Amino acid sequence: MNDLQNALLAGQFRYILPEIVLAVAATGIFIGGTFRSGRYLWSWAALGSLVASLFVLTITAGFVLPSGEAGRTATFSTPLLFDSLANFVRVLAIVAGILLVLFSWNEVPDRHAADYLACLLVIIGGVGLTACANDLVSLYLALELISIPTYILLYLPRHDDAAQEAALKYFLLSIFSSALLLFGFSYLYGLTGTTNIAAILHTLYGQGGGDMPAVAQIALITVVAGLGFRITAAPFHFYAPDVYQGAPTVGAALLASLPKLAGFIALLRVLGFVTPDGVLVPVAGRPHVLPGMALSDQVPILFWFLAAFTMSLGNLLAVLQDNLKRLLAYSSVAHAGYMLVALAAAPYLSERSSGSDGVHALLYYLVAYGVMTIGAFAVIAFLSTPERPVDNVEDLAGLSGSHPYVALMLAVFMFSLIGMPLTAGFTGKFLIFFGAMNVVGEQADLYRWLAVIGMLNAAVGGWYYLRIIAVMYLRTALRPIQGRRNVPGLVTLIVCAVLTIGLSIPPGANVLLDAVKNATGIKSTPSPIAQR
Amino acid sequence: MEFEHYLLHVLLALPLVGAIVVALQGPKRQTAVRRISLGVSLVIAFCSFILAGRFMALERPWTAPQKPTERISTTFQPEFVPGLKSTALHDAGTDWDLIPLGAGTVQFYLGVDGINLFLIVLTAVLFPPCVLISWNQVHERVNEFYAWLLALQTCVLGVFMAFDIVLFYVFFELSLVPLFFLIGIWGGPERRYAARKFFVYTLTGSLLTLLGIMGVVLAVYSRTHVLTFSIPELVVLVNQQLAIQDSESRAYWLSIQMVVFSLLVAGFAVKVPLVPFHTWLPLAHVEAPTAGSVDLAGLLLKIGVYGFLRLCIPLTPDVSLAWGLPLVTVLAVIGIIYGAFCAYAQDDVKKLIAYSSISHLGLCMAAVYSLTATGLAGGLFQMVNHGLSTGLLFLLIGMLYERYHTRMLQDYSGMATRLPLFGFCLMFAVLSSVGLPGLNGFVGEALCFFGIMEEETTYGGGPFFAVVALSGMVLGAWYLITMVRRLLFGPLKEPHHDGPAIPDMEPREWATFLPLAALCLLLGLYPHPFLATSQPDVDRLAHLADAARQRQQQDVQARR
Numbered sequence: 001m002n003d004l005q006n007a008l009l010a011g012q013f014r015y016i017l018p019e020i021v022l023a024v025a026a027t028g029i030f031i032g033g034t035f036r037s038g039r040y041l042w043s044w045a046a047l048g049s050l051v052a053s054l055f056v057l058t059i060t061a062g063f064v065l066p067s068g069e070a071g072r073t074a075t076f077s078t079p080l081l082f083d084s085l086a087n088f089v090r091v092l093a094i095v096a097g098i099l100l101v102l103f104s105w106n107e108v109p110d111r112h113a114a115d116y117l118a119c120l121l122v123i124i125g126g127v128g129l130t131a132c133a134n135d136l137v138s139l140y141l142a143l144e145l146i147s148i149p150t151y152i153l154l155y156l157p158r159h160d161d162a163a164q165e166a167a168l169k170y171f172l173l174s175i176f177s178s179a180l181l182l183f184g185f186s187y188l189y190g191l192t193g194t195t196n197i198a199a200i201l202h203t204l205y206g207q208g209g210g211d212m213p214a215v216a217q218i219a220l221i222t223v224v225a226g227l228g229f230r231i232t233a234a235p236f237h238f239y240a241p242d243v244y245q246g247a248p249t250v251g252a253a254l255l256a257s258l259p260k261l262a263g264f265i266a267l268l269r270v271l272g273f274v275t276p277d278g279v280l281v282p283v284a285g286r287p288h289v290l291p292g293m294a295l296s297d298q299v300p301i302l303f304w305f306l307a308a309f310t311m312s313l314g315n316l317l318a319v320l321q322d323n324l325k326r327l328l329a330y331s332s333v334a335h336a337g338y339m340l341v342a343l344a345a346a347p348y349l350s351e352r353s354s355g356s357d358g359v360h361a362l363l364y365y366l367v368a369y370g371v372m373t374i375g376a377f378a379v380i381a382f383l384s385t386p387e388r389p390v391d392n393v394e395d396l397a398g399l400s401g402s403h404p405y406v407a408l409m410l411a412v413f414m415f416s417l418i419g420m421p422l423t424a425g426f427t428g429k430f431l432i433f434f435g436a437m438n439v440v441g442e443q444a445d446l447y448r449w450l451a452v453i454g455m456l457n458a459a460v461g462g463w464y465y466l467r468i469i470a471v472m473y474l475r476t477a478l479r480p481i482q483g484r485r486n487v488p489g490l491v492t493l494i495v496c497a498v499l500t501i502g503l504s505i506p507p508g509a510n511v512l513l514d515a516v517k518n519a520t521g522i523k524s525t526p527s528p529i530a531q532r
Numbered sequence: 001m002e003f004e005h006y007l008l009h010v011l012l013a014l015p016l017v018g019a020i021v022v023a024l025q026g027p028k029r030q031t032a033v034r035r036i037s038l039g040v041s042l043v044i045a046f047c048s049f050i051l052a053g054r055f056m057a058l059e060r061p062w063t064a065p066q067k068p069t070e071r072i073s074t075t076f077q078p079e080f081v082p083g084l085k086s087t088a089l090h091d092a093g094t095d096w097d098l099i100p101l102g103a104g105t106v107q108f109y110l111g112v113d114g115i116n117l118f119l120i121v122l123t124a125v126l127f128p129p130c131v132l133i134s135w136n137q138v139h140e141r142v143n144e145f146y147a148w149l150l151a152l153q154t155c156v157l158g159v160f161m162a163f164d165i166v167l168f169y170v171f172f173e174l175s176l177v178p179l180f181f182l183i184g185i186w187g188g189p190e191r192r193y194a195a196r197k198f199f200v201y202t203l204t205g206s207l208l209t210l211l212g213i214m215g216v217v218l219a220v221y222s223r224t225h226v227l228t229f230s231i232p233e234l235v236v237l238v239n240q241q242l243a244i245q246d247s248e249s250r251a252y253w254l255s256i257q258m259v260v261f262s263l264l265v266a267g268f269a270v271k272v273p274l275v276p277f278h279t280w281l282p283l284a285h286v287e288a289p290t291a292g293s294v295d296l297a298g299l300l301l302k303i304g305v306y307g308f309l310r311l312c313i314p315l316t317p318d319v320s321l322a323w324g325l326p327l328v329t330v331l332a333v334i335g336i337i338y339g340a341f342c343a344y345a346q347d348d349v350k351k352l353i354a355y356s357s358i359s360h361l362g363l364c365m366a367a368v369y370s371l372t373a374t375g376l377a378g379g380l381f382q383m384v385n386h387g388l389s390t391g392l393l394f395l396l397i398g399m400l401y402e403r404y405h406t407r408m409l410q411d412y413s414g415m416a417t418r419l420p421l422f423g424f425c426l427m428f429a430v431l432s433s434v435g436l437p438g439l440n441g442f443v444g445e446a447l448c449f450f451g452i453m454e455e456e457t458t459y460g461g462g463p464f465f466a467v468v469a470l471s472g473m474v475l476g477a478w479y480l481i482t483m484v485r486r487l488l489f490g491p492l493k494e495p496h497h498d499g500p501a502i503p504d505m506e507p508r509e510w511a512t513f514l515p516l517a518a519l520c521l522l523l524g525l526y527p528h529p530f531l532a533t534s535q536p537d538v539d540r541l542a543h544l545a546d547a548a549r550q551r552q553q554q555d556v557q558a559r560r
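Those protein sequence lines, which keep their order, are chains A and B.
Per this note's numbering: the first sequence = residues 1 to 532.
Per this note's numbering: the second sequence = residues 1 to 560.
Because the hints were derived from the structure by calculation, they are not lab data.
Predicted, not measured: the structure shown is a model, and the values here were computed from it.
Heads up, the beta-carbon is just placed ideally off N, CA and C, and yes, glycines get one too.
Wrong hints could be hidden among the right ones.
Stated by the list, open to error - Facing chain B, according to a computed beta carbon distance under 8 Å, are these residues of chain A, among others:
| hint | residue |
| --- | --- |
| 1 | Leu320 |
| 2 | Gly462 |
| 3 | Ala470 |
| 4 | Ala509 |
Claimed, not checked - Derived, one-sided and incomplete: chain B residues facing chain A with beta-carbon distance under 8 Å:
| hint | residue |
| --- | --- |
| 5 | Pro100 |
| 6 | Leu174 |
| 7 | Phe199 |
| 8 | Met408 |
What the hints assert, rightly or not - Now the in silico label distances, taken between C-beta atoms and shown as ranges:
| hint | chain 1 | residue 1 | chain 2 | residue 2 | range |
| --- | --- | --- | --- | --- | --- |
| 9 | A | Val319 | B | Arg29 | 55 to 61 Å |
| 10 | A | Gly48 | B | Thr279 | 55 to 61 Å |
| 11 | A | Asp445 | B | Ser249 | 16 to 22 Å |
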């Protein structure tokens, strides 16, 4: 046993090299920051380490697991699993990290720059590890690796009441959600006697799903509640508006994107929406269980209600907002709702190859959502100056006159958030609702109604996103926005805008769709044992 | 590939390129911007005429299919399709793939047939007047104005040309964006509210339409295992499935059609607009700049009717017949009467014409939903008519507003003595709109009535609806002639204005008026080429409806 553990650890180190690079860089920056301050220095360092990490990832990824018994044994014993989904998410996280570093280039004060950037690197590493986690313990640790630096990030830059409230609120609720998650994990352990996710799923699927004991339901609900906090699903979204408003803009952008990515990937893994090879081996005499329904066949209905509630609440409350960051916070809740639609439909779509499996749609939407939301926050940060902050929707008045190209890009992000064609938001919504409409059988009508609810929500979304466009283009400024020279900020904006459009039309759309498909077809499972 | 195949690219790309060029000119170079826009729109109009000429020269006979599964006769046969013919199911596909989705592919599938040809021409013809009428009306952000105008033309042409259902939707939805900016930036005092209401109202409907589109694609997929987004192919497959005499399949397709129909109608009914969904229209019209009103009335409303023709009827024939016919006809007839009375009550001329649009489009929809060959042809003809005559009315009111800065009827009286040539033009447009024999409106309205009369429903509603619709047309003459009387005749009362005497029609204004007026006259005196060209495709639609009628009768007999 000890040998095996040693072997595992020794083998695993090679594969988490990208995360190790990030961790080492973060440590270096933490320590270095005590000697030298200066945001440019540390921004370059962070950027360099992210690029290095991406480079290492491209080298270490791409090993192929030999199929068969050896591969399965490995899957059932390793704490981390390096499948194509993991690699996809790690690339996403690193790219998001690069965007966020560029974004914060001129936003973070010199004094805090080193700490801020080091925390960011740790968070990126945490997201990467979450994607690889194949064990409840490593999953929990990876999630905490995202949470703990976030507390520092939120507390660091400002010490006014709003910032303190935001940090404290996030801290307390985050701890609460972690506790809920652990509680759920303990039930999972109790049910199956193991903490390895692949083994847990294997055991659960082996039992046939339908006749699960009641504790499975408790585990399901607490896990979903714990992770619901990270994906801002209603009713676990209460912190979002206050925290986004109180946090610095770049912090809000980070909170809106990375924890959501991690939360959804964790849901995919723990609930068995994606399963490593060998888990779904049909057991003789047992009914066939659909993916995602390992714990209970109530999973789709749970997500159905969660999705309907989350998107309706998010959109309706967003209509009432004047503050831009609060508006984007509720919009983030609403978009979590759309993504939950994909999860609700996913179990029924696994056998219908119409091109929009629920998990594909979810992954595509996560990318689209990340690009357009980071872009929208980047615009706010780009335009804000201490003398002329851009807090409220009204502050954007007349932007098309003073900054025509920035206004155009914000309009692109807003149209994408509405879901207009030729933007990633449209393609994402199309895939998600195509999936929901694709459910057949008894549930078909249920999902058609969910799609109708979703579309009505998108229309409500049209009202408040359009308000921002209307303010920029249809009104003149009371106090013109000055803006300042900020090349990295502009680069972030341009990259996000190009991706928002580029990912919706060929060839960008095809590339992303292929990547998403490869990510869920979990074929390549490099594992330490198999390599040895 | 012959050069016709490039015409569609040119038509679609030219306005877009023009828009970009114009936008990059900057707001200072106003004259250059206007000239470029005019040049581009004239070239587009010219191309559309070539397209029409080439298309009308084609031999496109249509014979009723012997079997319901016969392909060529049951579905649309687009011509001049760019790309290679590669789709196996029918001989007019394309290989221009955009995004693969599972087994299917969203394609860049454009084409022309008898249904969309004249709408494409109408789109191309209406734009040079729009450019000309805005010449002196728009002074702020001129480059943006013309850029949005040209972008709008691309979107509208795209909707009409698309034969891929997703491509259709993409253009359908994108057409909202330019119009939002046109209304919101260059509109009247309530422009911001009007623009947002217009956008969100239409967005709500069209998002539901998207679900309907997905629904039909997926229903076909689940029954035939063919995932296709090509409209002709979907029509063939749906109607093949409908022809299956099997109670389970029949029940499935009835329920699917019900779902798809209600979702599609949600979007198209807002766009047309049918009566309970019309509230965005008067507001948007009144606030829009003249060019925006012309496009809105002339083209955007047609997209709704076109959606019924292209998607609703062929893809859900049974439910269109069983539910759509009574429902849409009743709503349309209510719209005819309601629109007419509302129009009569207006003091604002633009609002009057906006309500008259509701009334005219009601007639159009009632004719289309008679689901007879005559009615469909009449509805199609009336779409083009309405685009021309209402476009003319909006243009003329725009000219009047440009002179006096008021559109209120009580401010005017006896203007015929002051502006006699303008008076003649307005009279011409009004007569074309009310359907004077010899002008285009008469032919269209007559066909519509015959269509509604022919309507064979199980409860014999046709003649009744025809009578109501006819009374609506009498009302139409009543309010439009009343408007003309108050505006042009009686004692002279000119609104207060500063500066030199107001001139009558200028050369630029003649250039906006004459081409459209000539088309009105042409269509009124010699409609035959138009009707003959659209005949085969209208017959296809009517055939699909007839097949649905037979199925309905079989069902009724089976129940007995």
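Here's how the hints hold up against the structure:
Of the supplied interface hints, the one on leucine 320/A is violated, with its beta-carbon coming no nearer than about 16 Å to a beta-carbon of chain B, more than 8 Å. Of the supplied interface hints, the one on glycine 462/A holds, with its beta-carbon coming within about 5 Å of a beta-carbon of chain B, less than 8 Å. With its C-beta approaching chain B no nearer than about 6 Å, alanine 470/A sits inside the 8 Å limit, and its interface hint holds. For alanine 509/A, the interface hint holds, since its Cβ comes within 8 Å of a Cβ in chain B; the closest pair sits about 5 Å apart.
With its C-beta approaching chain A no nearer than about 7 Å, proline 100/B sits inside the 8 Å limit, and its interface hint holds. Contact between leucine 174/B and chain A, as hinted, is supported at the beta carbon level, the nearest pair being about 5 Å apart and thus within 8 Å. The interface hint given for phenylalanine 199/B holds, since its Cβ lies 6 Å from the closest Cβ of chain A, which is under the 8 Å cut-off. Given the 8 Å rule on beta carbons, the hint for methionine 408/B is violated: about 25 Å separates it from the nearest Cβ of chain A.
Between valine 319/A and arginine 29/B the CB atoms are about 41 Å apart, so this pair departs from the stated range of 55 to 61 Å. Taking 55 to 61 Å as the suggested C-beta distance range, the pair glycine 48/A and threonine 279/B conforms, at roughly 58 Å. Look at aspartate 445/A against serine 249/B: about 18 Å separates their beta carbons, and that is inside 16 to 22 Å.
The structure does not agree with the numbered hints 1, 8 and 9 stated previously, though it agrees with the rest.
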